[in-house]
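Colleague: Next come the chains, spelled out residue by residue.
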Amino acid sequence: MAHEWLSDCEKFHRRDVLRVGALSFMGLTLSKYFALAGEAKKASPLTQTTGTADSVILIWLAGGPSHLDTWDLKPDAPLEIRGTFKPIETSAKGIQISEHLPKVAKQMDKICLVRSMTSPAAAHEIGTHYMLTGFLPLPGFAVPSYGAVAAKLLGPRSALPPYIAIQQPGSEMGAGFLGAALNPFCPGGDPNSGNFQVRDLEMSGGMTTQKLDRRKALRETVDNAFRLQERGSDTARAVDSFYNRAYTLLSSTEARAAFDLSKEKGELRDAYGRNTFGQSLLLSRRLVEAGVRFTTVTLGGWDNHSNIFNALAGGSLPQFDQSFSTFIADMAQHGLLQRTMIVVMGEFGRSPLINKDGGRDHHPRVFSTLLAGGGIKGGTLVGSSDARGMEPASDPVRPEDLSATIYQALGLDYTQSISSPEGVRIALSRGGSPIRKALV
Amino acid sequence: MKQISLALLLLFSHAEMTSAAVPPLSKNKLVHTPIHPAKSIASRTTTKLLAVNTDKTTPAKIEFLRDVAPILDRSGCSVAECHGKFGGRGGLQLSLLTLSPEDDYDPLIHGDRGRRVNFAAPEKSLFLLKSTAQIAHKGGRRFIVGSLAYNTLLNWVKSGAPFEPNDPRLVTLTLQPPLVALKKIGQKQQLHTLAVYTDGSKRDVTAQTVFMSTNGSILQVSPAGMVTGGRWGGGAILGRYLGTIAASFFTLPQTLKGAYPPLPSGNLIDKMVFDNLKKLNVIPSAPSSDTEFLRRVTLDTLGRLPTLEEIAAYSKNTDPNKRAKKIDSLLDTSEFTDFRALHLADLLRVNPQKLGNAGTLGERGAELFYEWIWKGVASNKPWDQFVREIISARGSTYHNGPANFYRIENGANDRMENIGQAFLGVRMSCARCHKHPFDRWTTDDYWNFSAFTAKVGIMGGRIYNENVVTYSPQTGLANQSVNGRNKGKLAPATFLGEKSPAPDSPDQLNALAAWMTDSKNTFFSRAAVNRIWSYYFGKGIINPVDDMRATSPESVPGLLDALAQEFVKSKYDVKSLIREIMNSRIYQLSSIPNDSNVKDDQFFSRFTPRPMPAQALLDMLNQATGIEERIGYYPERSRAVQAASPVSSYFLDSFGQSHREFLADIDPKLEPNLVQTLHMINSPYIESKVRDGHNTTELLKHTKSPEDVVRNLYLRTFSREPSTAEVSKSAAVMAGAKDLNEGAQDLLWALVTSREFYFNH
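Residue numbers (the working numbering), protein chains in the order written: chain A, 3 to 442; chain B, 135 to 895.
None of these hints come from the bench; they were simulated from the model.
There could be a bad hint or two in this list.
[Said to hold, decoys possible] Capping the alpha-carbon separation at 35 Å, the derived lysine-lysine pairs in DSBU-like fashion look like this: (1) Lys838(B) <-> Lys218(A); (2) Lys673(B) <-> Lys439(A); (3) Lys213(A) <-> Lys838(B); (4) Lys863(B) <-> Lys218(A); (5) Lys379(A) <-> Lys272(B); (6) Lys213(A) <-> Lys272(B); (7) Lys318(B) <-> Lys673(B).
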């Protein structure tokens, strides 16, 4: 492609884009992208980013967990605000969290707690969109999520898809205008179920090598005539390359093994918790090991409009405590924490004033988020909320700042722009800057 | 090669940033105290100018708009990476790409407390020091000291940096010549930009124009406006000056080897497409065979494969007019109505979520809306009437189908954008905040056109989630642009592209409907024709079909206008247009390229293979394997293309079913991807179709011959007979299976996962 009319600045930007092996130019078909990624890979291994993390695991607490009953307790506030939970000390000096998170408390030296997240969005969809993309919804315009952008700009690290959502993702976790090819790959099924199999990755029962070979031979025979059309069609060639890539993936034992939780010791699986969330976290660790860039794990049940204390103490918190604390310790033990950023968040916090149903309602003005791993300083506290947990009292952190933090950790210039097919251009982070106090 | 988004190229410009921080401005203490308004500066210092300005290279009187503002654009100061960014850079905000140059004077002269200009020592003006990198500038050096740009700015400051209210404004901008037929690769053509101003004066502003190519591999253009042909094809060079864009359209033929063959005559489409191909020395592909044609036209009209009986009957038919007759009979079926209704339900985004929630009564609105669409297609309701009924729709969303249209989007401007994209082929969204960088639309155009849909009233109904659409004459809309001059003012309802507000009318929504569907409204007829064309060729004559700008190159010059005129003359007869398209030799060309047209992706010299919508592909799979599948909540035996609303289905989602959520969802996403391939080749879902479908079981009741099986399955999937080689090769591989049943299933699997099945070609 010749761009004689481009100034130096544009050439600079192109180089920048090629450096990360991206298909930033919307015209690139995926087949070309793979070819390009292959070339780039020869030149320099892309498995390492230039940032502090090669991968991200995003733990999405859907519904909006209460900050006041988890990470930001207000023991000195009036009863109608402070609720029934007591704070406990943690392994991080000066950080107290809920008494119902005792195991996580022991891991807090590896975790950075942000107590000053703030957003204007009090509706689930809007808050979710904001937190998972760094943007409030733009009408008529589907903003891609962090994982899709990372997949696009960093590409795969292995035969596995670069972006995997272990639970069925909402559109806010999708690729938006980047196109369906960058949507997260969703394995489908419950990692906790005994017969957990990955969607379309496991050969179905009754398939033998001979049968597979026969089918491949037949497909080559019947597809051959279409080579005449293929000459003139990028799309037809792309389908062919996807076919080859799919077989590479299917025939990669490593890739398939990454999904096989039975390869883990029973005690470890127990420690993670024999439930969907626990096994999903274990799976996410295996996926990062096998080279996945961005993995999401979703845990719902945080939209506690009524009876919040029973719901949290009797279910959500003990479950989270066990699984997440094991996960952090296990990641560290496997040496994966160093280069994997872990983000734990929901779409907002919950209202300080306990409502008539013994619950808390949506409260986006201030809430808490956890960061850990790749480039994050453990045992740190960022920001604070006011005495009633109503507003940020210091160092407010906006979703844009979180997005800048994530992108920077992955070695991506968060001020760079990506363009929709319509040519509408957005910066990765709109005016955000990384949360400096959280960084190593 | 696909075209690189022009916008992307444009907006990626000027990212060169040095790491040096902007220093404090303390050195420039001798700054001019800002004086308002600008006029007084000018009048105060004019005499001084005459004494100082001895530079012959700049005009005697330097004007802000005509002389200074274009420098900001051409030097890249106002791109989105730099000072064109919302909020600006380094404290200076200019209008994006100098699209509103009038707004740039104040920030330049008075902004930052006037520290950017230094009237006492003009050479020391901060903006001159920065732009020439004499002091640190994040944007680097934009021009050098002594250059024409520098001298112009310097002399302008020396003259007191005037911007007078009666300075001439730009009226029209043209690129000369407007149409260029280059003869060979490497040939050059100098473009000239001609500007006409409010005082009647004219200038050649080539040197002040920012030039861009819509396709850099075909056409390259130098900053000075010299165009070089890079490879054969067509495209446009755009020139931007003072926020206005003009285009010059280019074609460059390929080198012809041997004589150009005589082409047959045909209908209007054939004549225009063939004429254009001849000019480009591109030889079209051969006509499609009868079997290719039958498969293609059946897929495009009914969204399914031809049955074995249909294939047999068609191949036996010796009528020389059998193609035309086939088209007529296909267009008369209710299956055609189903498939066209699917296109329209996507276009209108019929979606229960938007209509009051799925699972409650949102489906009620969606079903009603869909039913209304279906009946309109079945009766071939003229397109203008169809759209008028939508725009003027009133009443309950549970009684009147089209009234649901106004629930799909809720804001006045979102509704307007929806109307613009779906019916007029314009994307207005850029102009919400600032002037559209590649089209004519201003923020006033945007908000004033939105003022019509502000008059849509929505009231609650008596049933849960029922809405009643009313006319709300009193509702006004404020201009909410970011920095448009009429920001905050009440927007007067104005038809798109017109200068003065629409006359008062007892019902402005009816007036809007009448204006949209007026026979003189070429936005409307061109958008409809271009979109319908795109369903049958995979792309429009102008692309994207919902973003047809005055500066977008038309792949076949004149074709869209000619077809749009016919469409109006036919009283917006959609079926007649589809009939004309399908009867054209162009639609009936083979999809196999020849050496002459293998690189053509613009001019319709062959039929381009394209994926079918997800719903049709699912129907095709079920048809080929012999599976009856229940689709969503719909009755047994219904087909996926008949669903009124998006269906929850991994298959359909993977293959691009539109969920009709966003404005960008007015078309399905027909891009192949890895998830689709994995699902196709290795899912229990597809496997069960292959294994359990009754087609192979039925077939094996009647034959034990592997060759017969191959022939039958080819017909069921590829709608054609296999070649002798295909029969023998397939049969040989199948022989490795434990029995013919397994072999047949393996072959069927291979056929449905292959590209000849997946594409309409």
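Colleague: Which of the listed hints are not met by the structure?
Modeller: Hint check: 2, 6 fail, others pass.
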